[in-house]
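2 protein chains.
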Amino acid sequence: MATTLHVTDITASAVACCAPLVKEPMTQVDAEKVATTLKALADPARLRLLSIVAASQDQEACVCDLIEPIGLSQPTVSHHLRVLTQAGFLSRSKRGTWAYYRLQPDALAAVTTLLSI
Amino acid sequence: MATTLHVTDITASAVACCAPLVKEPMTQVDAEKVATTLKALADPARLRLLSIVAASQDQEACVCDLIEPIGLSQPTVSHHLRVLTQAGFLSRSKRGTWAYYRLQPDALAAVTTLLSI
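One line per chain: the protein sequences are A and B, in this order.
The numbering of the first sequence is my numbering, which starts it at -1 and goes up by one.
The numbering of the second sequence is my numbering, which starts it at -1 and goes up by one.
Incorrect hints may have been included.
Identical chains blur together in the list; that is why a pair holds if it fits in one copy or across any two.
[What the hints assert, rightly or not] Cut-off 27 Å, straight-line C-alpha distance, at most; resulting in silico cross-link-like pairs (DSSO-like, lysine-lysine):
1. K37 with K21
2. K92 with K21
3. K37 with K92
Derived by calculation from the structure, the hints in this document are not laboratory data.
Make a model of the complete structure from these sequences and hints.
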């Protein structure tokens, strides 16, 4: 069995920085971190990619199965997947020819905690 | 007592469109709506404004009290408040000279539902 390495960017915990934003005024430093993370989500193609990966078996999908449903070129899909991985929403592992992406639920949970009322 | 009218844009329910994104692949139409709403949040100044309003008494604040803590010009602050209002996160009411902004918790709740795992 091939050894696989799941890679998640160090920015994964970016939104784990802060108390819920309704609780106390957010600092500029925290707001910049959170805005960067939310920008990674705020794109139609990335939201669709994330939802397809999340709805897949084991919340993991091969990049080869993501291109057709999104209807964008492979470089464009790879770019969007890289943004989601750098923001911590996906991890990436290489097996043979293809890269596989897995949902990182903790990153979504950190965002929902931040926005909770 | 002056009559006040709270104005919330019709896009307020934009993110109430969809099931949690981890449950099923999101359609392009839904993804575009959600991306628009998330873009309204994905800005440091807007996150800070939202958190200041949310942490204020009755979750409401006068624009006159928002300019100094943010450290931006009044037109810039007003622009950011308009974006948040159009996205449904704040409502706006005019009393005398000043506009007051109030948190709309349902809009944040819709986002957390969408991102819930």
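Original post:
Using 27 Å as the alpha-carbon threshold, which applies to K37 and K21: within, between, both, or neither?
Top reply: Both. Shortest intra-copy (22 Å) and inter-copy (22 Å) distances satisfy the 27 Å Cα cut-off.
Original post:
Is it within, between, both, or neither for K37 and K92, if the alpha carbons may be no more than 27 Å apart?
Top reply: Answer is within; shortest intra-copy Cα gap is 26 Å, inter-copy 31 Å.
Original post:
How would you label the pair K92, K21 (within, between, both, or neither) given a Cα cut-off of 27 Å?
Top reply: between (41 Å within a copy, 25 Å between copies)
When each numbered hint is compared with the structure, no violation occurs for any of them.
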